[in-house]
Amino acid sequence: MKIEHLNFKYKKGDRLVFDNLSFNLVQGKIHILLGRNGGGKSTLLDVLSGLLRVDAVILNPIPKNEILYQIQGVPILSTIKGKHLAELILCASGQYKSRDLSPEMCSELFNDHREWEKITYLWDQQYGKMSPGERRWLTIMLYCMLDKSLYLFDEPTAGVDPYSGMQIARFIRRLQEKKGKTVVYATHKIQDLNGFKDYRVLVLDEGKIVVNEDGQHWLQACKKEKGPFCKRIVALWENSSSNLI
Amino acid sequence: MNSFAMIKHFLRVLMYYKINFIFTLGVPVGSIIYTMRGYIFHMSNQQIVQTHIGYWISYMVVLYAIMNSGPSLVILREEQFLKMFLFISGSVRSILCAKFISQFLLLSISVLILDILSCLLFGLPIIRLFIQSILLIILCSPPIFSLFLFFAALPLRQETITPLINVLIFCFIFLSVSQINHLLIFVNPIDYTFQIARFLFGVTVFHAVRLWLPITVTLFYLLIGAFAVKKMRFLPIFRN
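Protein sequences, first through last, are from chains S and P. Residue 209 in UniProt numbering sits at position 209 of the first sequence; the count goes up by one each step and never skips. Residue 233 in UniProt numbering sits at position 233 of the second sequence; the count goes up by one each step and never skips.
Calculated directly from the structure, the hints in this document are not laboratory data. Incorrect hints may appear among the rest.
List time: in silico DSSO-like cross-link candidates among lysine-lysine, alpha-carbon distance up to 27 Å [what the hints assert, rightly or not]: (1) S/Lys118 - S/Lys97; (2) P/Lys18 - S/Lys81; (3) P/Lys230 - S/Lys9; (4) S/Lys83 - P/Lys8; (5) S/Lys11 - P/Lys230.
Just some of the chain S residues that point at chain P, by a computed CB distance under 8 Å [to be verified]: (6) Asn60; (7) Pro61; (8) Ile62; (9) Pro75; (10) Lys81; (11) Leu88.
Computed far set for chain S versus chain P, every beta-carbon distance over 12 Å [unchecked claim]: (12) Asp14; (13) His31; (14) Ile71; (15) Cys91; (16) Tyr96; (17) His113; (18) Lys129; (19) Lys148; (20) Ala158; (21) Met166; (22) Glu177.
No residue lacks a Cβ here, since even glycine has one placed at the ideal position from N, Cα and C.
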């Protein structure tokens with residue numbers, strides 16, 4: 001999928017959200033989209049999903065039924081249990097049957113017994129009684145069980161503790177490693193990069209993709225940029241003591 | 001069928017908001033008991049009672065449709081639920097189908113309760129009344145649900161939609177009670193359903209010439225629904 005010459009501003013806004021933005025998605029790669037709050041990350045995901053109509057040139061667009069789009073903070077009925085949420089997400093996709101659902105079916109995603117205990121506990125827990133981090137962990141785990149071509153994640157680790165954040169990153173990484181799926185992962189947290197091995201970094205700043213490089217070269221590319229956001233990213237990354245996977 | 005999980009979910013949501021269930025069933029039951037109190041446990045004047053029941057079933061059909069069709073989709077859109085499930089299910093049709101079936105099931109249960117109560121109080125034949133009622137909701141619920149889908153195509157906010165449907169319901173009741181003009185059934189779905197109810201309950205006979213009006217209105221409502229689905233918005237207004 002390739003986007004060329006994307007210019008966009010909201011009808012009621014004066015600010016140009018995208019200014020002649022161009023980039024392409026590499027099939028089978030995880031794309032970490034870094035950008036500041038309000039910088040247009042979610043809007044760019046809306047463009048990629050085809051929900052927002054723009055006058056840019058979009059080559060090889062992916063049909064909506066082949067996309068999975070994780071959205072921040074969608075309210076769900078508080079009285080439903082984890083298993084009901086699993087039924088809603090997995091069965092609504094048409095890829096699972098209600099009678100096949102159980103915590104065991106998620107076991108292939110897990111590395112240790114703590115994750116197994118967590119899903120068993122959340123399976124019968126009411127959604128309203130789960131912490132925001134638990135809700136997000138469960139929801140993203142369920143999303144990662146669905147079979148689509150393109151996965152769009154909008155701040156998947158917001159409000160999640162670092163340990164659960166690493167688990168979420170592992171679920172997403174598995175989509176690429178085991179299934180060769182294309183992922184776009186929007187975040188403003190540079191430490192999220194620690195959860196991935198084979199990825200590309202896209203830095204969205206001032207309405208443009210100013211950096212579009214793989215995991216080995218993105219830092220050098222970022223250092224060449226003069227914008228304050230790139231400088232801040234570089235400083236944060238270099239000061240981070242735990243940037244190893 | 002990937003709508004089944006969503007039907008279950010929407011039914012859970014509908015049952016969670018019990019006050020709506022009480023409002024849609026309680027108002028008709030209360031009104032029927034109050035206005036028909038002279039006929040309670042009397043077998044006479046079944047047609048008057050049946051007309052009254054037909055009117056309140058029409059009210060229930062419209063209320064369920066207005067609460068679960070376009071206005072409900074506006075709320076789901078603003079909460080981003082619509083956007084999320086558009087991608088999970090892969091099509092808007094399965095969401096609409098789940099919305100319609102869930103409201104239809106609950107409407108059928110409400111109507112069944114109303115029928116049983118009416119039969120106990122007024123000595124009406126239960127099987128006949130239930131068949132007539134189910135026929136009425138099968139005929140009228142789809143086009144009216146379709147009509148109210150037009151809300152989902154409008155740039156309305158969540159805060160605007162609830163007071164708007166409250167006002168609309170009162171307007172519909174007022175128009176149906178005042179019976180100003182037959183052509184009002186184009187704009188008043190209570191009138192439309194009530195006219196079909198009167199025919200099904202044997203109160204009036206539709207001549208071939210007069211049949212064109214409900215058929216035209218049905219097609220008109222379905223056409224509005226089809227147009228609304230094409231123009232439906234999925235991105236919340238607050239982001240635009």
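To see whether the hints hold, each was checked on the structure:
1. S/Lys118 - S/Lys97: holds (23 Å)
2. P/Lys18 - S/Lys81: holds (19 Å)
3. P/Lys230 - S/Lys9: holds (24 Å)
4. S/Lys83 - P/Lys8: holds (13 Å)
5. S/Lys11 - P/Lys230: Between S/Lys11 and P/Lys230 the Cα gap is close to 21 Å, so the pair holds against 27 Å.
6. Asn60: Violated, about 18 Å.
7. Pro61: violated (14 Å)
8. Ile62: violated (11 Å)
9. Pro75: The hint holds - S/Pro75 has a Cβ within 8 Å of chain P, the shortest such distance being about 5 Å.
10. Lys81: violated (10 Å)
11. Leu88: With a closest approach of 5 Å, the S/Leu88 hint holds.
12. Asp14: With a cut-off of 12 Å, S/Asp14 remains clear of chain P, as the shortest Cβ separation is near 14 Å.
13. His31: S/His31 clear of chain P: closest Cβ-Cβ about 18 Å, beyond 12 Å.
14. Ile71: violated (5 Å)
15. Cys91: violated (4 Å)
16. Tyr96: Violated: least Cβ distance 9 Å, not greater than 12 Å.
17. His113: holds (29 Å)
18. Lys129: holds (15 Å)
19. Lys148: Nearest chain P Cβ is 8 Å from S/Lys148, so the label is violated.
20. Ala158: holds (14 Å)
21. Met166: The assertion about S/Met166 holds, with a minimum of 24 Å to chain P.
22. Glu177: holds (23 Å)
The structure fails to meet hints 6, 7, 8, 10, 14, 15, 16 and 19 from the earlier list, while all remaining hints are met.
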